[in-house]
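Given next are the chains, with one letter for each unit.
2 protein chains.
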Amino acid sequence: MNELPENHPLSDGRTTHAPLVRALRGDRPERLPVWFMRQAGRSLPEYREIRKSIGMLEACLEPEVATEITLQPIRRHGVDAAVFFSDIVVPLLLAGVDVDLVAGRGPVFAHPVRTAEDVARCRREFGPDRLREAIEPVRAAVSRTVEELGSTPLIGFAGAPFTLAAYLVEGAPSKDHLRARSLMHSDPETWRELLDWTAELSDVFLTAQVEAGASAVQLFDSWAGSLGVADYRDHVAPASRRALQTVQSMRLPGGGAPLPTIHFAVGSGHLLEEVATLGTSAHGIDWRTPLDEASARFGDRFPLQGNLDPAYLDAPAEVLEAHLDDVVRRGRRAPGHVLNLGHGVPPSADPDVLTRIVELAHER
Amino acid sequence: MNELPENHPLSDGRTTHAPLVRALRGDRPERLPVWFMRQAGRSLPEYREIRKSIGMLEACLEPEVATEITLQPIRRHGVDAAVFFSDIVVPLLLAGVDVDLVAGRGPVFAHPVRTAEDVARCRREFGPDRLREAIEPVRAAVSRTVEELGSTPLIGFAGAPFTLAAYLVEGAPSKDHLRARSLMHSDPETWRELLDWTAELSDVFLTAQVEAGASAVQLFDSWAGSLGVADYRDHVAPASRRALQTVQSMRLPGGGAPLPTIHFAVGSGHLLEEVATLGTSAHGIDWRTPLDEASARFGDRFPLQGNLDPAYLDAPAEVLEAHLDDVVRRGRRAPGHVLNLGHGVPPSADPDVLTRIVELAHER
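These protein sequence lines are chains A and B, in that order. The opening residue of the first sequence carries number 1 in the UniProt record's numbering; numbering runs sequentially from there. The opening residue of the second sequence carries number 1 in the UniProt record's numbering; numbering runs sequentially from there.
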C-alpha cells in the first residue's frame, strides 16, 4: 500500500465526489458522467490552431501546451473529466527510444525490436530509471492541468504493454501484429522480457501522472483484440497487471480510497473474462459489445465505460439520440456507468455533435 | 432448385469423393483435407516470377496465367483443394468500376461511393448484366483449371457484399470502416441499395465459377468483424444471404447433392450465432476462436475450416507441430474439419513450412 503524500493535490478531496470518480467506484451519481476518448486534440479547431506551430510529440512534452490542449474539451464540451493529452509512445520516447509520429501513418521506430539482443539492449539503455529522470515535463503538465481543473477530475493514461510491444516489434503500425505475435510463439522468453520492460515503462508513466494529481487512470490496449484468449492470458495479461501494479496500490492520504483504474482494449469482446482478472476498478467497452451483455459476462461486477458507436456521429439528430438512449439503458445494468464513445473521437467528428451528446447525457 | 447442365465438368463425379468435399459435407474422410487461404500467389517464388511481367489484376483476367497461379500450390504443397486465383475487386472491375490495386496499400477507387446518387449511378452503370457480359475470362480460367485438376476440387471465391461496400465507401482500405458504417446509420436506405448491388455482383461472380466447374465456394468477409451483432444482423447478413442464393440452389445433374459453401469472416468471433443463419454448409474460423469453442457455439451443426494461427509459421518445428495437433484435436468436435490457416498466408511465409503442414495433416 502506497499512501500519497499529505501535500498531494487530491488530499483536499476536490474530486472525491465528482460524478466520474463516483461512477468509476460503482456509484450512481445524480448526473451521468461523460467524456470522450481522444477528446483532447484531433477534431477541435482550437487544437488544430495550436498544432500549426508545434509537432505532436513536442506538444505532449511542452507543459503549457499539453495543459492547454487537455483543457480545451472541458471548456468547449463541458465533459465530466479531462484526459491527459499524450501519446502512447511518449514513455518510450522519454526513455530514449528513437520514435517519430508520421502523419497519416502513426508511430515509426528507427530500430524495430525483434531479437533477444534487441530486447536486451532496450532493457539496458531505455529502462524505467531513464524514463523517471526524463518525466518532469509530464509531471509539470499534469500539476498545472490539475490546478486549472479544480473539482473536475483528470484521467491519466498509458498504452498497455502489448500495444507498445506490437509497435516496437513491427517498427510501425500493422494490421494483425503478426511479427509481434510470431515472436511470442517463436521465442516466448524474449517476448516476456520485452513485455516486462514495456510494462515497467507504462507503470512509471501512470504513476507519475497519479503522483502529480490525476484522479483516475486508463490503460489503453489498442491491439489486444488481435489475440486469442489463451495467448492473451498466458503472454499478455501478466504484463498489463504489472503495468497497473503501482497505481493500484496507491491511496489518498489519511487512508483514502484506492484510485479508480480503467482498462480499455479495442475489439476485445472475446477477452472480457480475461480482462476481468486485471484488477482494474472499471472497464471500457468498445462499440461492438452491448453494455448489458458485457456487464452480464462480467457478472455485473464492474462499472463500465462506453460505448456510443462513432459511426452514429454523422447520423440525423434523432437517430443519434435513440442510439444514446439505447446505450444509457443498457449501461444501467452495470453497477456504474461512464458514458463515452466505444472508440476514440474520429478526426472528422463535428465538435458540436460531441457537445450535444454531453448535454443529452446530462439531461438523462 | 437449379440443376447444372449434363455437360457440366462435375457431372462425371470427379470430385464427389474428394476429402475436401466430403469434409465440407460433414463427413470424416480417411485423410484430413488441408488448403491455405491465399495459397495461390503471395509467398511462392514461382508466383513472384510470373508477376515480374504482369500486374495483379491482369493476372486475374488472363485465363492461362490465372490457371497457372491457381495450380502452383497444388504442385508444390500437395494441398487437397485449389482456390481460384482472383481478388475481391475483380467483379467490380469487370462490371466497369474504376479500381486499381496499389502495392502495399490495397484497392483504391477513382470515385468513392458515398451518396444516394453515387449508389444509383453504380446500380445503373455497373450492374450484374454488365458483369455477366465481361466475365468470360473468369469462366475460361476456371474451366481450364478444373480440366487440369482432375479429381482435386477447385474452390470458387468472392468477397462478401459488406467488404466490397466498405472498400467502395471508403475508396480505399481503412481501419474501422467508419465512413461505411456511418452511411449505414445516416442513410440506411442508400446502404441497403448499395449492399443489394454488391450482393448481386458477388452472386454472379460465384455462380460463374460454379457453372465453369468449381466444386465449392467461399464467401470471404474481410471486414464484418468491425460490426456489432445488431448491425451485422440488420444491415449486412441479408446481403450475404443474397450473394449465396444462386449457388445454394444449385445441384449437380441427376439430382446430385447441393454444392458445399463456406463462409469466412475475419475477427467475427462475436458474430458466430449470426453467420450460422447464412445457410452455408461450413464455416471458416479465424485464429482467435478455438475450433471446439466455435463448434459448441454452432451447436456442433457445421463442418469447420481453420484455424492455424499464421503467427506459428515462424516458430520452431516442434512448437508449430504442437499447435497443429491442438487445432486438429479441437476440430474433432465439429461434424467435419478442413485444416487451414485462421487467416490468409502471410507474404513472408516460408513455402516449405506450408508443405510441411500438409504432410503433418495427412499423417494425422
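Hints may be right or wrong, so weigh each one.
To be verified - Chain B is nowhere near these chain A residues, computed Cβ spacing over 12 Å in every case: (1) R48; (2) V102; (3) R130; (4) R132; (5) R181; (6) D314.
Said to hold, decoys possible - Quick look at which bits of chain A chain B covers, simulated, 3 or more residues with Cβ under 8 Å: (7) 222-229; (8) 265-272; (9) 280-294.
Because the hints were derived from the structure by calculation, they are not lab data. Here a beta-carbon is modelled for each residue, glycine too, at the ideal position from N, C-alpha and C.
So, going through the hints one by one against the coordinates:
1. R48: holds (19 Å)
2. V102: Holds: least Cβ distance 15 Å, greater than 12 Å.
3. R130: It holds; A/R130 is separated from chain B by about 31 Å at its closest Cβ, greater than 12 Å.
4. R132: Label holds. Min Cβ-Cβ 34 Å, cutoff 12 Å.
5. R181: The assertion about A/R181 is violated, with a minimum of 4 Å to chain B.
6. D314: violated (5 Å)
7. 222-229: With 5 residues closer than 8 Å to chain B, the region 222-229 of chain A meets the three-residue bar; holds.
8. 265-272: Three-residue rule met by the region 265-272 of chain A, so holds; n is 3.
9. 280-294: n = 4 at 8 Å, threshold three: holds.
When the structure is compared with the earlier hints, violations turn up for hints 5 and 6 and for no others.
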